[in-house]
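**Q** Each chain, written out:
2 protein chains.
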Amino acid sequence: MSEVEDLIKKIANQRGVTGCMVFNNQGIIIRTTLEQSLTIHYAALITQLCNHTKNTVKKLDDGDDLTFIRLRTTKNEILVAPGFSRIFSSHLSSLSDRDYILVVIQVPVV
Amino acid sequence: MSEVEDLIKKIANQRGVTGCMVFNNQGIIIRTTLEQSLTIHYAALITQLCNHTKNTVKKLDDGDDLTFIRLRTTKNEILVAPGFSRIFSSHLSSLSDRDYILVVIQVPVV
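Sequence order for the protein chains is A and B. Per the UniProt record's numbering, the very first residue in the first sequence carries number 1; after that it's consecutive. Per the UniProt record's numbering, the very first residue in the second sequence carries number 1; after that it's consecutive.
Warning: the hint list may mix true and false statements.
The list treats identical chains as one, so a pair stands whether inside a single copy or across any two.
To be verified - Listed below are the simulated DSS-like cross-link pairs for lysine-lysine, each with C-alpha atoms no more than 30 Å apart in a straight line: (1) Lys9 x Lys59; (2) Lys58 x Lys9; (3) Lys54 x Lys75; (4) Lys59 x Lys10; (5) Lys58 x Lys10.
No lab work stands behind these hints: they were computed from the structure. Fair warning: this is a prediction, and the values are worked out from it, not measured in the lab.
Please build the complete structure, drawing on both the sequences and the hints.
**A** Next comes the structure, spelled out in structure tokens:
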């Protein structure tokens, strides 16, 4: 798991990043840089949104797959990598067997 | 409405753009460059996803608002502007009283 910690630290230290979280695809928190109750809130809502978005992409084209979600809001950018553990499987051997969701919150890049 | 047509044409002619659609926030099609049945499919699914995403952002922070969704999939990028008519209200006087959703599909910008 120290691989995940290193990755989270690297991301969290990027300029403009205000939060970084890893959940499994049931919304169970694996790692977070935010306060626990806020992370629980994000885990529940973002996991549901991820599943809805994955299904939407599948229904639009059965041969297509969701790889990334970028939400721009008035206050933030919310970046969501639905299957990030598979993308980083060479670095994250401890996670690569299942789908983990990486969420990064950052100040909007203008 | 010719304002909308001009805007749609401009966007549709951008390099890499493969489709451009405008719906109202009930999923009624206002304009499209795609074939009707595919547009109906997009209208239903993207309108629902927009509403779910708006609610998610509100639940995460009541003082925040969704302004843009960017989905990256293995085949496409799907760009969704939930309230684009308010953004372009100076150009789109005929639409500015209500929320219209602009959807652009493009080949992924690497």
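**Q** Now tell me if each hint is right for this structure.
**A** Hint by hint, here is what the structure shows:
no.	hint	verdict
1	Lys9 x Lys59	between (36 Å within a copy, 27 Å between copies)
2	Lys58 x Lys9	between (33 Å within a copy, 28 Å between copies)
3	Lys54 x Lys75	both (25 Å within a copy, 13 Å between copies)
4	Lys59 x Lys10	between (35 Å within a copy, 28 Å between copies)
5	Lys58 x Lys10	between (32 Å within a copy, 29 Å between copies)
In summary, this structure violates none of the numbered hints.
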